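In order, the protein sequences belong to chains A, B and C.
For the first sequence, my numbering assigns the number 1 to the initial residue and increments by one for each residue that follows.
For the second sequence, my numbering assigns the number 1 to the initial residue and increments by one for each residue that follows.
For the third sequence, my numbering assigns the number 1 to the initial residue and increments by one for each residue that follows.
For the record, the hints were derived by calculation from the structure and aren't laboratory data.
One should not assume that every hint holds.
Said to hold, decoys possible - Part of the chain B face toward chain C, derived, beta carbon under 7 Å:
#: 1; residue: Arg6
#: 2; residue: Glu7
#: 3; residue: Leu14
#: 4; residue: Pro23
#: 5; residue: Gly28
#: 6; residue: Ile29
#: 7; residue: Arg32
#: 8; residue: Ala168
#: 9; residue: Phe170
#: 10; residue: Gly206
#: 11; residue: Glu225
#: 12; residue: Ala226
#: 13; residue: Lys229
As the list claims (entries may be wrong) - Output of the computed footprint for chain A on chain B, the stretches with three or more beta carbons under 8 Å from beta carbons of chain A:
#: 14; stretch: 39-48
#: 15; stretch: 65-73
#: 16; stretch: 79-87
#: 17; stretch: 230-239
These figures come from a predicted structure and were not determined experimentally.
Using N, Cα and C, we set each Cβ at its ideal position, and we do this for glycine too.
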Amino acid sequence: MAERILMTGNEAMAEGAIRAGCRHYYGYPITPQNEVPEYMSRRMSEVGGTFIQSESELAAINMVLGAAAAGMRAMTSSSSPGISLKLEAISYMAGQQLPGVIANIQRGGPGLGEICASQADYFQAVKGGGHGDYQLIVLAPSGVQEMADMGTLAFDLADRYRNPVMILSDAQIGQMMEPIVWHEYTEPSDLPEKDWALTGAKGRPKRIIRSFFLKHGFLEKHNIMLQEKYARIREREVRYEETAVADAEVVIVAYGSAARIAKDVVSRRMKGSKVGLLRPITLWPFPGKRIRELAEAGKDFIVAEMSAGQMVEDVRLAVEGRSRVGFYGRIGGGFVTVDEMTEKAREMLAARGARK
Amino acid sequence: MKQAAREYRRPKTLESVPTHYCPGCGHGIAHRLVAEVIDELGIAERTVGMAPVGCAVLAYDYFKIDMCEAPHGRTPAVATGIKRARPECIVFSYQGDGDLAAIGTAEIIHAANRGENISVFFVNNAVYGMTGGQMAPTTPNGAKTTTSPYGRNPKTEGHPIKVAELLANFESVVYSARTSLSSPKNVRETKRAIRKSFQAQIDNRGFSIVEVLSPCPTYWHMTPEAAMKEIDEVMSKVFPLGVYKDWEK
Amino acid sequence: MPRIVIDAKYCKGCLLCVTVCPKGAIVMSSGISRRGTNRAEAVEGIACSGCLNCTDICPDAAIEILPDGPGK
Chain A
1 MAERILMTGN EAMAEGAIRA GCRHYYGYPI TPQNEVPEYM SRRMSEVGGT FIQSESELAA
61 INMVLGAAAA GMRAMTSSSS PGISLKLEAI SYMAGQQLPG VIANIQRGGP GLGEICASQA
121 DYFQAVKGGG HGDYQLIVLA PSGVQEMADM GTLAFDLADR YRNPVMILSD AQIGQMMEPI
181 VWHEYTEPSD LPEKDWALTG AKGRPKRIIR SFFLKHGFLE KHNIMLQEKY ARIREREVRY
241 EETAVADAEV VIVAYGSAAR IAKDVVSRRM KGSKVGLLRP ITLWPFPGKR IRELAEAGKD
301 FIVAEMSAGQ MVEDVRLAVE GRSRVGFYGR IGGGFVTVDE MTEKAREMLA ARGARK
Chain B
1 MKQAAREYRR PKTLESVPTH YCPGCGHGIA HRLVAEVIDE LGIAERTVGM APVGCAVLAY
61 DYFKIDMCEA PHGRTPAVAT GIKRARPECI VFSYQGDGDL AAIGTAEIIH AANRGENISV
121 FFVNNAVYGM TGGQMAPTTP NGAKTTTSPY GRNPKTEGHP IKVAELLANF ESVVYSARTS
181 LSSPKNVRET KRAIRKSFQA QIDNRGFSIV EVLSPCPTYW HMTPEAAMKE IDEVMSKVFP
241 LGVYKDWEK
Chain C
1 MPRIVIDAKY CKGCLLCVTV CPKGAIVMSS GISRRGTNRA EAVEGIACSG CLNCTDICPD
61 AAIEILPDGP GK
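Using the sequences provided together with the hints, build the complete structure.
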């Protein structure tokens, strides 16, 4: 029988990682994710893992790179400004095809910003952030249960595809407490063997972990291989949740904290009013195909984000002019509200000429 | 100390490929010494090396061991990740002036301060070779480089950084030495220091670093022979050879 | 007497070995190698003392010193 316990999002994610067999955590304090290194400093000791409070976020991600190169499940966490510091090594890890988990508990920016929730790192997470043509698998939890589940899922996806994975959360979800249930974890049987890991070349040819291919044409080949991998991920790993979408005339597209508000709008305030919610769970790969289907079925969209408008671009790309895409956002750490979102939905419905 | 049998063979741990290093480059000697010591200690099968960014960026093509590329300067952090993951492996970081003493200053100091049980080989040739001869944190005062065309001015560029002395101050550092490659005698001394560093790691003693004064004939604009003299007559005065920390003393 | 064997595949003609040999047993070649540099070559008839100065200083591990005796 599964036990229900109360945990903060940050701690649930950390525990999820431990349950996935992560035994190497490196991090640096930054609000609002300090619970993660603090929790890990206790738990890693209990399970005989490695915890280092590194000298910077930069050092932490490079330690993850090393532990991942040695074949281990390794993780780091930070918040927006700290993630900016990590981008170089994230690009390296993508080029080197190393699995690893990076959690971004987003806060307001740009710069030092402030410490409340924001969703303004979407571009950074999904459109690269670091240099070069690469993709992270980006998971967007919307509550503490998903923080726990994704703390585990992230490692399975990272290992399945030899790719870094980002958990894109925010200050609200990281800090809130909700009751969750722990599911028994079994490692998927189809994960490939880590026959590339650095373990000391005993009885086998040496292995090199690298992203540098100077010989003419080699880097292009390498990039083509990466793109083929990303195509496979797009095929197989899209995740999203729909609420009241079937009959909807207007679909709100929102993730994370914004989706929590949207769910309230859709299932309470505007219940029966033909407003639905499509909540991307993977931001990359993005549920663009599904959004296109809904657009082809004549539905309009409102993208609700705590940013000046980032995911809305991906929705517009997916819709490609087939229907209207509106935007509702709060920026600089401002939080979306049920009232404002409801008002936006009403406007959109009115614009369609539909009766409320 | 001469080898008893008066013979020498190419180290097994060195790949049988010509390197891309310039004629007379110190990296070639340093690579050879690391390979010789790995052979003599019989640790090739459990050694993992880090390749830095700099002229030695392709170091992984030259050693017959598992190797990991590290972002510029982060080598000690990557080495930390690997060593903590696989403590039974012998892990070494191999870095140049920029990697260790410029962009990577935080990482080397903190790996040293944490006493990570790794061996660090710092090849100090006082200039940035790979990128065309710019000033390095270890470029001596008055020296002309492409970014100090009038000679390094300590008032605006600071003085050259003395890494071996700096790291010797950390309690967790068990061995910090500076040697040079300017003569067969100094090369042998460097080999002894490299061996001592690997042995310290094998014995689980903690962090050790060997700073090796190395020639860069190309960007010092000298012949290899003149570059070796430059190390003896100029560089060794700025960076005195010696053992700055030794757990045995 | 120990034999000096210099592998042209590795030798870049830096000639550091020439400067450290106490016997003058290594000199700069007169020809240019495929790499476009001079090479080091052992001098016929000068006895190598096996001091290993050259192998200590060679950046390319291009020199091997083989012991006396029949064959390699």
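Here is what the structure says about each hint:
With 7 Å as the threshold, the beta carbon of Arg6(B) comes within range of chain C, its nearest partner Cβ sitting at about 3 Å, so the hint holds. For the restraint placing Glu7(B) at the interface with chain C, the shortest Cβ-Cβ distance is roughly 5 Å, inside the 7 Å limit, so the hint holds. At about 6 Å, the closest approach between the beta carbon of Leu14(B) and any beta carbon in chain C falls short of 7 Å, and the interface hint on this residue holds. Evaluation of the Pro23(B) hint against chain C yields a held restraint, the C-beta minimum of about 4 Å falling below 7 Å.
Checking Gly28(B) against chain C by beta carbon gives a least distance of about 3 Å; that is within 7 Å, so the hint holds. Interface restraint check: Ile29(B) against chain C, minimum CB-CB distance 5 Å, threshold 7 Å, status holds. Because the smallest distance between the Cβ of Arg32(B) and any Cβ of chain C comes to about 5 Å, under 7 Å, the interface hint for this residue holds. Taking 7 Å as the C-beta cut-off, the interface hint given for Ala168(B) is violated, the closest approach to chain C being about 27 Å.
For Phe170(B), the interface hint is violated, since its Cβ never comes within 7 Å of a Cβ in chain C; the closest pair sits about 32 Å apart. About 29 Å separates the beta-carbon of Gly206(B) from the nearest beta-carbon of chain C, more than 7 Å, and the hint is not met. Residue-level restraint check for Glu225(B) holds (minimum Cβ-Cβ distance to chain C is 5 Å; threshold 7 Å). At a threshold of 7 Å, the smallest CB-CB gap from Ala226(B) to chain C is about 10 Å, leaving the interface hint violated.
Taking 7 Å as the C-beta cut-off, the interface hint given for Lys229(B) is violated, the closest approach to chain C being about 10 Å. Evaluation of the coverage hint for the stretch 39-48 of chain B: fulfilled, as 5 residues show C-beta separations to chain A shorter than 8 Å, against a requirement of three. For the stretch 65-73 of chain B, the stated coverage by chain A is satisfied: 7 residues place a CB nearer than 8 Å to a CB of that chain, which reaches the threshold of 3. With 8 residues having a beta carbon nearer than 8 Å to a beta carbon of chain A, the stretch 79-87 of chain B meets the requirement of three or more and the stated coverage holds.
Residues of the stretch 230-239 of chain B lying with their CB closer than 8 Å to a CB of chain A number 0, which falls below the three-residue condition for coverage.
Going down the numbered hints, you'll see the structure goes against 8, 9, 10, 12, 13, 17, while the others check out.
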